[in-house]
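*Asks:* Protein chains in written order, with this note's numbering: chain A, 67 to 498; chain B, 67 to 498; chain C, 67 to 498.
Treat the hints with care, since some could be wrong.
Identical copies look the same in the list; a pair holds intra-copy or inter-copy alike.
Claimed, not checked - Here are the simulated DSBU-like pairs of lysine-lysine, each with C-alpha atoms no more than 30 Å apart in a straight line:
(1) K437 x K198
(2) K170 x K489
(3) K416 x K489
(4) K416 x K198
(5) K149 x K416
(6) K437 x K155
(7) K416 x K437
(8) K177 x K437
(9) K155 x K487
(10) K489 x K143
(11) K416 x K177
(12) K489 x K155
(13) K177 x K193
(14) K170 x K416
(15) K437 x K193
(16) K198 x K489
(17) K177 x K155
(18) K416 x K155
(19) K143 x K170
(20) K143 x K198
(21) K487 x K170
(22) K149 x K437
No lab work stands behind these hints, which were simulated from the structure alone.
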Amino acid sequence: MTENRPHSDRQEKGRDAYRMIADLYPLCRSITGNGVRQTLRLLQARIPLEIHEVPSGTQVFDWVVPREWNIRDAYVKDSWGQKVIDFQKCNLHVVSYSVPVHRKMPLVELKNHLHSMVDHPDWVPYKTTYYKETWGFCLSQTVLGQLTDGDYEVFIDSELQAGHLTYGELVLPGRSSEEVLLSCHICHPSLCNDNLSGVAIATLLAERLMTAPRHYTYRFLFIPGTIGAITWLARNRGTVGRIRHGLVLTGLGDPGPITYKKSRIGNAPIDSSVAHMLSHSGLPHRILEFSPYGYDERQYCSPGFNLPVGRLSRTPFGEYPEYHSSADNLDFVQPTALGESFELLRGIIKTLEMNRTYLNLSPYCEPQLGKRGLYESIEGDAMALLWVLNLSDGSRSLLDIAERSGLSFSSVLGAKDVLVKNKLLQEMEPLP
Amino acid sequence: MTENRPHSDRQEKGRDAYRMIADLYPLCRSITGNGVRQTLRLLQARIPLEIHEVPSGTQVFDWVVPREWNIRDAYVKDSWGQKVIDFQKCNLHVVSYSVPVHRKMPLVELKNHLHSMVDHPDWVPYKTTYYKETWGFCLSQTVLGQLTDGDYEVFIDSELQAGHLTYGELVLPGRSSEEVLLSCHICHPSLCNDNLSGVAIATLLAERLMTAPRHYTYRFLFIPGTIGAITWLARNRGTVGRIRHGLVLTGLGDPGPITYKKSRIGNAPIDSSVAHMLSHSGLPHRILEFSPYGYDERQYCSPGFNLPVGRLSRTPFGEYPEYHSSADNLDFVQPTALGESFELLRGIIKTLEMNRTYLNLSPYCEPQLGKRGLYESIEGDAMALLWVLNLSDGSRSLLDIAERSGLSFSSVLGAKDVLVKNKLLQEMEPLP
Amino acid sequence: MTENRPHSDRQEKGRDAYRMIADLYPLCRSITGNGVRQTLRLLQARIPLEIHEVPSGTQVFDWVVPREWNIRDAYVKDSWGQKVIDFQKCNLHVVSYSVPVHRKMPLVELKNHLHSMVDHPDWVPYKTTYYKETWGFCLSQTVLGQLTDGDYEVFIDSELQAGHLTYGELVLPGRSSEEVLLSCHICHPSLCNDNLSGVAIATLLAERLMTAPRHYTYRFLFIPGTIGAITWLARNRGTVGRIRHGLVLTGLGDPGPITYKKSRIGNAPIDSSVAHMLSHSGLPHRILEFSPYGYDERQYCSPGFNLPVGRLSRTPFGEYPEYHSSADNLDFVQPTALGESFELLRGIIKTLEMNRTYLNLSPYCEPQLGKRGLYESIEGDAMALLWVLNLSDGSRSLLDIAERSGLSFSSVLGAKDVLVKNKLLQEMEPLP
């Protein structure tokens with residue numbers, strides 16, 4: 067389906083996503099706090115997100131919503147009063163969820179709280195300490211190497227106290243109460259591919275679907291990773307049973323090949339839909355089996371839920387060196403890649419929307435296509451007509467037919483339209 | 067099984083099929099008309115075909131039996147009165163189902179009604195216009211190029227009027243009312259591989275089965291393509307449920323490798339029987355998945371019927387350049403290929419006939435083969451004995467055992483005979 | 067699991083098995099008789115085997131327990147009175163179950179009763195004549211070639227009369243009445259790999275299990291091949307239904323790669339357990355599909371029983387030239403190979419013992435591993451924790467989880483222990 071959409075639209079969407087990432091980049095997000103709220107408010111300018119606040123201390127399955135963390139400033143000064151590390155220059159410099167501190171200490175003691183990347187001496191790593199009360203700074207190996215012995219002033223002006231976990235949710239009702247879940251995480255500070263690319267692509271898709279006719283109900287979640295997904299699942303157990311398809315969106319802006327990680331179910335319709343779209347996309351891609359490590363698919367695919375939720379990315383986390391470092395910046399993500407990711411996602415959603423099961427109303431022998439003017443060229447679409455007629459026995463969806471015939475879903479869809487118009491095909495009533 | 071039959075018998079059958087093709091070659095067949103009747107009458111000299119006549123206008127599912135077409139003569143004369151195209155020389159010259167015409171017209175107008183083959187300038191193509199009232203001539207590209215400007219006399223002495231669709235049917239009752247369907251088409255004029263090879267092989271098989279003991283009931287259909295199969299199915303809905311196995315026979319005389327196209331079911335016993343025979347035949351061959359285009363398997367395998375009917379051919383239609391042209395003639399088909407096709411078909415039929423399920427009557431431990439003199443050589447047939455005993459638990463047919471063990475069906479059959487004779491094996495009663 | 071056990075233990079077990087083989091080697095065993103009794107009495111010094119005596123003439127399914135065969139002496143003397151063949155030097159010299167004979171005959175007549183190996187002129191073959199009353203001698207091709215014309219005195223001091231078939235059985239009760247069957251044959255005379263290696267390894271395993279906690283009940287059979295297995299099955303039809311896993315042990319002392327032959331079921335837990343252990347063992351190995359020829363798996367896997375019994379060997383019988391000859395001697399089997407085989411078998415048994423199904427007690431989202439101190443290193447065992455939690459939904463055993471995750475069974479077992487200790491996992495109650 068991507069082939070029918072003008073190339074310029076894809077480029078436009080890629081540039082739009084990139085601008086959104088650039089706007090969100092400076093904010094200091096974490097799993098709670100004002101950085102998350104600012105992020106969600108910026109998104110509300112485009113899509114009518116509902117913002118939920120869940121109090122610290124709320125029990126969510128085996129977990130407890132943590133205290134809220136906020137930070138105003140942080141630095142390390144050397145004995146001459148020079149800032150050798152400055153949070154204002156890069157919010158990755160402070161380990162996320164660091165407790166407040168204001169002390170002097172010798173370099174030898176300070177080093178216990180410093181994190182750098184030996185293999186990439188100019189990059190600043192991204193570290194967190196959500197569930198262990200401590201503090202720390204991240205810096206480049208180069209700067210670390212230049213620190214001389216002596217006393218340093220350490221200052222982190224943060225607070226960690228009862229507050230809320232904040233997340234955004236948007237529900238776009240469809241004709242059916244069955245749902246498609248689209249989930250992205252909003253807990254990382256100045257990191258572009260992980261997680262702003264997912265946030266931007268999800269926002270663009272929501273915008274598009276807001277004005278489109280919808281078979282399914284679409285539910286978008288903009289949540290902090292892990293604790294956010296767990297919190298949402300704990301508060302929405304009644305909703306979970308309506309989820310028919312789902313995707314975790316992350317890492318969609320780097321130039322690497324598309325990577326789809328299957329749901330735990332492994333052969334859910336979302337898995338076959340994405341696999342079909344990818345195999346007909348012409349894009350280099352990989353399909354990975356489910357494994358229990360990764361992003362929020364870990365929670366959606368935990369055995370008690372076992373939801374049909376896969377993960378759509380480009381290069382998987384951990385396979386690109388920029389991952390969780392200051393190099394995951396505005397130079398790393400690319401409008402072209404973002405546009406391509408968006409187009410693919412749109413095609414997947416269209417496949418889900420359109421993939422229904424039809425019945426051949428003339429199942430005994432072939433209907434006479436010629437008298438209806440449908441048989442002009444057997445090389446062209448007539449093969450799609452024959453395949454759809456032959457396999458529409460109520461046991462196969464249009465996607466099943468595309469897979470069996472080797473045709474693209476869009477060819478099968480075109481044939482379906484022609485046959486329905488000619489009263490040779492009828493959509494099956496869903497089971498009550 | 068082919069290996070046990072004398073080579074000379076295969077040669078003899080090949081020559082016999084070839085002579086039959088030569089006799090039928092000159093007749094001008096179409097989907098209706100006297101050419102079909104003459105063809106069936108010639109076959110009646112060998113097998114007691116019943117000839118059915120179905121009136122024009124009869125509704126058969128989504129189709130209507132067309133008017134009957136007959137032709138006496140046709141030509142195109144140039145302005146000097148010379149016949150440049152002459153139906154009497156080759157019946158492919160007239161587009162089948164051409165309406166009568168007798169006019170003079172300039173070359174420029176005539177050319178709208180002329181068909182030739184650019185890639186094969188000396189061959190005359192085969193064209194039809196069953197469901198569109200028009201007329202036309204087919205000729206070689208060479209002759210077409212020699213036509214000079216001027217007026218031409220066009221004459222087609224045909225008639226298209228209410229009559230009948232004619233087909234032949236032969237039922238050979240077996241011990242069981244379950245049926246094997248063998249179908250070939252008789253609607254093509256002077257074309258040897260497509261369709262006379264199928265007609266000849268089917269006739270030879272019918273002849274052979276007439277005098278053989280039969281487990282199954284055999285039903286041979288000699289029908290016009292598409293409309294004939296549809297007509298037969300519409301008139302025999304009660305019979306259809308008894309068809310357990312079936313083959314469409316066509317294109318069995320060219321020198322290419324055997325090609326089997328599976329039934330829509332894909333793993334019906336006919337599919338595994340043919341695959342087994344081919345893999346043990348030593349013949350080069352291909353097995354194709356079902357697709358909804360082709361010969362009359364399109365109708366038998368339409369979703370409302372979904373019969374276990376595959377297609378047996380050598381080179382598939384459209385993959386040999388002689389297809390649907392005057393080059394599909396008596397030089398193209400070969401007695402050797404015909405004999406080989408017949409032998410293969412005979413082996414398939416024998417497999418179907420013999421493939422039943424047996425029960426090991428001594429299923430607890432091995433029976434003592436030695437005391438029955440059955441254990442002479444473990445390298446030889448004793449392995450077949452052991453396999454048949456081990457797997458005859460009521461869930462596997464002899465063919466299943468052959469496939470699982472890697473032995474040929476004939477080895478398994480031989481072991482079955484020995485074990486039945488020694489009261490170690492018994493045929494399972496079919497389910498009531 | 068093999069990796070955790072000290073290498074020295076494996077070596078010790080290998081040497082112990084080798085000494086046991088050396089002790090048993092001189093005895094002249096057959097399918098009945100005093101050689102079998104002596105063998106079993108020697109084993110009783112280590113394990114409390116129960117010895118069963120089944121009278122000749124007892125009907126066992128399609129077979130009858132044969133007369134008992136015993137032999138005191140045998141030789142062939144040339145016309146100078148020199149012993150050219152002497153049973154006292156090698157008990158393979160007499161065809162097992164030879165009837166008594168004491169005659170003079172010319173070489174030409176004697177040769178009808180002589181067996182040698184053309185391809186291995188210095189080896190003495192092993193032959194039997196259990197069910198055909200005759201007699202014979204086996205000798206090397208070299209000695210045979212040196213025999214000159216003249217009369218020879220032939221003497222076999224054997225008896226074949228009503229007696230018993232003797233076998234040994236050891237049952238080690240476990241917490242469960244479900245059984246693991248371990249079967250080896252004891253009917254071959256001075257042959258080391260076939261069958262003494264199996265006898266020795268089975269004895270060592272029984273010794274080990276005698277003092278270990280046991281989930282399953284273990285049943286060891288030391289039986290004559292074929293007729294012994296048939297006799298045991300005929301006398302123990304009530305027991306058979308409790309056998310959950312089983313192995314035939316034979317050919318475990320040669321230096322070739324491990325070969326596992328699957329049960330007839332093909333995907334029984336014993337099949338997947340052995341396959342998993344082998345794939346994680348680092349040992350060269352092969353896995354063969356079931357076939358109905360071989361050792362006593364033929365009887366256990368006959369269709370009436372269809373027990374989950376595979377066969378564990380190194381080089382399969384018939385694929386090593388020493389098979390059934392005097393070269394299958396104390397030089398052919400090796401302590402190292404025996405030790406390795408024992409260790410592998412011990413690992414398989416441990417897998418069977420430990421392979422149960424658990425339930426994640428916190429199945430909704432991941433439990434918070436961090437607060438339990440279980441999340442230190444995601445690269446290490448935390449992946450095993452995540453896999454066990456994610457897949458312990460009651461439908462998968464620990465072995466299934468190991469196979470799905472690609473982890474070793476021992477990693478999965480370690481994770482299970484940690485999770486059970488942390489009350490995150492609980493063993494499923496077996497179905498009543």
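*Asks:* How would you label the pair K489, K155 (within, between, both, or neither) given a Cα cut-off of 30 Å?
*Replies:* neither (66 Å within a copy, 46 Å between copies)
*Asks:* What label fits K149 with K416 when the C-alpha limit is 30 Å: within, between, both, or neither?
*Replies:* Result: close neither inside a copy nor across copies, 53 Å intra and 61 Å inter.
*Asks:* Reference check for the pair K143 and K170, CA-CA at most 30 Å: within, between, both, or neither?
*Replies:* Answer is within; shortest intra-copy Cα gap is 9 Å, inter-copy 106 Å.
*Asks:* State whether the alpha carbon distance between K416 and K155 is at most 30 Å within one copy, between copies, both, or neither.
*Replies:* neither (43 Å within a copy, 58 Å between copies)
*Asks:* Between the shortest in-copy and the shortest cross-copy C-alpha distance, which are at most 30 Å for K437 and K193: within, between, both, or neither?
*Replies:* between (69 Å within a copy, 18 Å between copies)
*Asks:* At most 30 Å between alpha carbons: which applies to K170 and K489, within, between, both or neither?
*Replies:* neither (82 Å within a copy, 44 Å between copies)
*Asks:* Should K416 paired with K198 be assigned to within, between, both, or neither, using CA atoms and 30 Å as the limit?
*Replies:* Neither: 44 Å inside a chain and 39 Å across chains, both beyond 30 Å.
*Asks:* Could you figure out if K416 and K489 sit no more than 30 Å apart (CA to CA) within one copy, between two copies, both or neither?
*Replies:* within (23 Å within a copy, 44 Å between copies)
*Asks:* Measure nothing new, just compare the shortest in-copy and cross-copy C-alpha distances for K416 and K437 to 30 Å and report within, between, both or neither.
*Replies:* neither (32 Å within a copy, 42 Å between copies)
*Asks:* Which holds for K416 with K177 at a C-alpha limit of 30 Å: within a copy, between copies, both or neither?
*Replies:* Classified as neither; 53 Å inside a copy, 48 Å across copies.
*Asks:* Is it within a copy, between copies, both, or neither that the alpha carbon of K170 lies no farther than 30 Å from that of K416?
*Replies:* neither (59 Å within a copy, 58 Å between copies)
*Asks:* If the cutoff is 30 Å on CA atoms, where do K177 and K155 land: within, between, both or neither? Let me know, please.
*Replies:* For K177 and K155, only the intra-copy Cα distance (21 Å) is at most 30 Å; the inter-copy one is 81 Å.
Hint violations for this structure: numbers 2, 4, 5, 6, 7, 9, 10, 11, 12, 14, 18, 21, 22, all remaining hints satisfied.
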